Amino acid sequence: DTGVSQDPRHKITKRGQNVTFRCDPISEHNRLYWYRQTLGQGPEFLTYFQNEAQLEKSRLLSDRFSAERPKGSFSTLEIQRTEQGDSAMYLCASSLGQGGGYTFGSGTRLTVV
Amino acid sequence: ILNVEQSPQSLHVQEGDSTNFTCSFPSSNFYALHWYRWETAKSPEALFVMTLNGDEKKKGRISATLNTKEGYSYLYIKGSQPEDSATYLCASLTGGGNKLTFGTGTQLKVEL
Chain A
1023 DTGVSQDPRH KITKRGQNVT FRCDPISEHN RLYWYRQTLG QGPEFLTYFQ NEAQLEKSRL
1083 LSDRFSAERP KGSFSTLEIQ RTEQGDSAMY LCASSLGQGG GYTFGSGTRL TVV
Chain B
719 ILNVEQSPQS LHVQEGDSTN FTCSFPSSNF YALHWYRWET AKSPEALFVM TLNGDEKKKG
779 RISATLNTKE GYSYLYIKGS QPEDSATYLC ASLTGGGNKL TFGTGTQLKV EL
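Just so you know, the protein sequences line up as chains A and B, in that order. Counting from 1, position 108 in the first sequence corresponds to residue 1130 in my numbering; the numbering is continuous, with no gaps. Counting from 1, position 6 in the second sequence corresponds to residue 724 in my numbering; the numbering is continuous, with no gaps.
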């Protein structure tokens, strides 16, 4: 296992377009998290899954955002009708239960023009 | 303290200097305190996960302490090296142990 993979690394899109990001966690990890980081801020929680169940969503996650984790393996984060304010680094992480550190991916840098 | 706060925001030190950073977090509903190192163009890397008041952890030249009663943690780097240059993030685990709340990080630059 080579860690948490995220694809793509960079995405430039026009305002109003839909984008989808993918995260492949460490296979043994049952928890998967999405975070977003904007300039000058720490990563902010968006949502998390335990296996295939999405158990919590932040208020930051407007109805334009949707995340899925079919079969409890990889996860996708879709943003519909992108806005310039969606420009950020989107980080995925996974963990085995609550107790340990998270393993992060390298992130997807989204730029909305 | 309502949010996770880190200081200083940035730090420039010379190779060989020892340095330390501070993380303040809400002491109520505490589950754990995480420290991560994030180098440019790489993934954030877990350094420590700390849960017990008075806990002290060490990894090579880096160590951390935890005070859950007053809500702070210190990260120490002894004999800084250029490869220590990174952003150091702390995060408090809250929300029933399901959500990390991050500080804004301390950006460390170690110069030769």
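It is worth saying that the hints were derived from the structure and are not from the lab. Each hint should be verified, as a subset may be incorrect.
[Stated by the list, open to error] Label-pair distances were calculated between CB atoms; the ranges are:
1. B/SER746 x A/ILE1034: 21 to 31 Å
2. A/THR1060 x B/GLU757: 16 to 26 Å
3. A/THR1060 x B/LYS776: 29 to 39 Å
A quick note: this is a predicted structure, and the numbers were derived from the prediction, not measured. Beta carbons are placed, not taken as given, at the ideal position from N, Cα and C, and that holds for glycine.
For this session: Tell me, in ascending order, the numbers of any earlier hints that this structure violates.
Result: 1
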